[in-house]
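Colleague: Below, each chain spelled out in residue letters.
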Amino acid sequence: MSVKYVPVQWGRFKVIYDVIAITMIMGFLWIFVNVTPGILNHDPAINPQIRNMRAFGSCAFFLLTAILMIGPLARLDDRFLPLLYNRRHLGVLTGFVALSHASFVVRWYFVFSPTDRYEALLGTNTAYDQILGFPFEAFGIFALLCLLVLATTSHDFWLKFLTPRIWKDLHYLIYPAYAAVIAHIGLGALQSTENPTFGVIVFLCASLVIILHLAAARKEHRTADAGVSSEEYASWRKLFRADTVKEGFARVARLSNGERIAVFRHGNRLSAIANACAHQNGPLGEGRIADCIVTCPWHGFQYDVTTGQSPAPFTEKIATYNLRLRDGYVEVDESPNPYGTVVTPLAIPTPSMS
Amino acid sequence: MNLVILFVQVWGGIGAVVALVFLIFGISRIDEDARGALSFRPLLIPGILIIWPLVIWRWWQLTGTTTTSVTRSAPRESHAIVAVVLAVIVSATLFTTEAIRQEWPSHLAPIRLDQAQ
Numbered sequence: 021m022s023v024k025y026v027p028v029q030w031g032r033f034k035v036i037y038d039v040i041a042i043t044m045i046m047g048f049l050w051i052f053v054n055v056t057p058g059i060l061n062h063d064p065a066i067n068p069q070i071r072n073m074r075a076f077g078s079c080a081f082f083l084l085t086a087i088l089m090i091g092p093l094a095r096l097d098d099r100f101l102p103l104l105y106n107r108r109h110l111g112v113l114t115g116f117v118a119l120s121h122a123s124f125v126v127r128w129y130f131v132f133s134p135t136d137r138y139e140a141l142l143g144t145n146t147a148y149d150q151i152l153g154f155p156f157e158a159f160g161i162f163a164l165l166c167l168l169v170l171a172t173t174s175h176d177f178w179l180k181f182l183t184p185r186i187w188k189d190l191h192y193l194i195y196p197a198y199a200a201v202i203a204h205i206g207l208g209a210l211q212s213t214e215n216p217t218f219g220v221i222v223f224l225c226a227s228l229v230i231i232l233h234l235a236a237a238r239k240e241h242r243t244a245d246a247g248v249s250s251e252e253y254a255s256w257r258k259l260f261r262a263d264t265v266k267e268g269f270a271r272v273a274r275l276s277n278g279e280r281i282a283v284f285r286h287g288n289r290l291s292a293i294a295n296a297c298a299h300q301n302g303p304l305g306e307g308r309i310a311d312c313i314v315t316c317p318w319h320g321f322q323y324d325v326t327t328g329q330s331p332a333p334f335t336e337k338i339a340t341y342n343l344r345l346r347d348g349y350v351e352v353d354e355s356p357n358p359y360g361t362v363v364t365p366l367a368i369p370t371p372s373m374s
Numbered sequence: 009m010n011l012v013i014l015f016v017q018v019w020g021g022i023g024a025v026v027a028l029v030f031l032i033f034g035i036s037r038i039d040e041d042a043r044g045a046l047s048f049r050p051l052l053i054p055g056i057l058i059i060w061p062l063v064i065w066r067w068w069q070l071t072g073t074t075t076t077s078v079t080r081s082a083p084r085e086s087h088a089i090v091a092v093v094l095a096v097i098v099s100a101t102l103f104t105t106e107a108i109r110q111e112w113p114s115h116l117a118p119i120r121l122d123q124a125q
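In the order they appear, the protein sequences are chains A and E.
Those letters in the first sequence? Residues 21 to 374, by the working numbering.
Those letters in the second sequence? Residues 9 to 125, by the working numbering.
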């Protein structure tokens, strides 16, 4: 099952998502520039160029905040998962908005400099040895560079080329980028404005991001702890009650080695496969199942959950896992079967039987 | 500061050469999904300009082979540590920037210096 790369992989839902995202961005910029100058009460007064610069800068900050909220929200509540699947498009848009902000800065504050504008940007303030008056532009440049790395490596090609491990590590740059943006705003805009509104909004956004991430990490930690190795066989791990898996869906569990598996329910039977798609590590556990076939939500690759194999004529295979039932709880053998191994589904008692 | 700009220019220049060679000759040999797919390649140029050393390293690693997907769960083991570090740094930054904030005497009317003399 080979899928040729295309510039942008748009499905119906992704098109709708992108249209909404772009509309909201343009709406925000229009409102900021045309409707709210009086409400924002910029103090000291600013000119249209600075207003444009602030509009794009604020927009980039809110977009970055939203992106950082999507991950933990999806882990805390499955209903946010559709946002997670489209987060990369939002990241690219954020890169463009941040670049526009930087462009306005360079083309206004440094355009009248007798030296090269970029030299002026880097050399105007060099007070790196003090906090008050620290060249906050440096934080902005660092954050912009991080966002550009993320945006320019968002295509599916990069995930496969760099390997998921390196790609994911690279995209952890979003965290230092956010910290740098906070420093950029705190040492820049918040130092000069008399109006406390934006400062309060920044504080609330940052607090929300922090709280959500800590809550998601806590939930992840507790979920991981929920699985415990059975005493009889070290390789068996207790997961969750069998009746907590919804028909047609999966519950994702984490093994002691950090790998994730997806336990699917089809009828009154359970089957477990690796959670990562063989194509580009898409989250199979978040896909729906029909006639024992799960469809990866990322690119539509399909697997029979009882064999770990793609339907003929395709040849992709993933690992399957053995399950057993103990006192109503599902247990999994942590040792994966060879890719494509047929496993008899685990029958679970129906409510009338139990 | 001239050195910083020169560094960026040299970095980008090398990146452009790497992008040209990689996208024309290299990519099809190491990724079967890229064979015959041309329209997406220009989108890779900005990324190669920025992380070309990483591109060369992976290209060298994959030469003579074809990329095969490695099934693996997304690595989120370090998320908890990142979340805590982010919380500490962002909180400290906001506290510090608020603490050093200075108020200017906005209640005083401005005076032209040439008239004051």
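You may find that some hints are simply not true.
Unchecked claim - Chain A side only, calculated, beta carbon under 7 Å to chain E, not exhaustive:
{"#": "1", "residue": "Phe181"}
{"#": "2", "residue": "Leu207"}
{"#": "3", "residue": "Gln322"}
Unchecked claim - Not close to chain A: a few residues of chain E, all C-beta gaps over 12 Å, as computed:
{"#": "4", "residue": "Pro50"}
{"#": "5", "residue": "Leu121"}
{"#": "6", "residue": "Asp122"}
What the hints assert, rightly or not - DEER-style ranges, computed between Cβ atoms:
{"#": "7", "chain 1": "E", "residue 1": "Leu14", "chain 2": "A", "residue 2": "Ile151", "range": "47 to 53 Å"}
{"#": "8", "chain 1": "A", "residue 1": "Tyr349", "chain 2": "E", "residue 2": "Ala24", "range": "54 to 60 Å"}
{"#": "9", "chain 1": "E", "residue 1": "Pro118", "chain 2": "A", "residue 2": "Asn145", "range": "38 to 44 Å"}
{"#": "10", "chain 1": "A", "residue 1": "Phe116", "chain 2": "E", "residue 2": "Gly44", "range": "54 to 60 Å"}
Just so you know, these hints were derived from the structure itself, not from any lab.
Glycine included, each C-beta is placed from N, C-alpha and C at the ideal position.
Colleague: Hint by hint, note whether the structure agrees.
Modeller: Checked hints:
1. The restraint placing Phe181 of chain A at the interface with chain E holds, with a minimum CB-CB distance near 6 Å, inside the 7 Å limit.
2. Nearest Cβ of chain E to the Cβ of Leu207 of chain A: about 6 Å, under the 7 Å cut. The hint holds.
3. For Gln322 of chain A, the interface hint is violated, the least distance from its beta-carbon to any beta-carbon of chain E being 15 Å, above 7 Å.
4. A Cβ of chain A approaches the Cβ of Pro50 of chain E within 12 Å, the least distance being about 8 Å, so the stated non-interface status is violated.
5. With a closest Cβ-Cβ approach of about 18 Å to chain A, Leu121 of chain E is found to remain outside the 12 Å limit, as its non-interface label requires.
6. No Cβ of chain A approaches the Cβ of Asp122 of chain E within 12 Å, the least distance being about 21 Å, so the stated non-interface status holds.
7. A C-beta distance of roughly 30 Å is found between Leu14 of chain E and Ile151 of chain A, which places it outside the suggested range of 47 to 53 Å.
8. The given range of 54 to 60 Å is respected by Tyr349 of chain A and Ala24 of chain E, whose C-beta atoms sit roughly 58 Å from each other.
9. Between Pro118 of chain E and Asn145 of chain A, the C-beta spacing of about 24 Å breaks the proposed range 38 to 44 Å.
10. Taken as a hint, the range 54 to 60 Å is violated for the pair Phe116 of chain A and Gly44 of chain E, whose Cβ atoms sit roughly 29 Å apart.
Violated hints, listed in ascending order, are 3, 4, 7, 9 and 10; each of the other numbered hints is respected by the structure.
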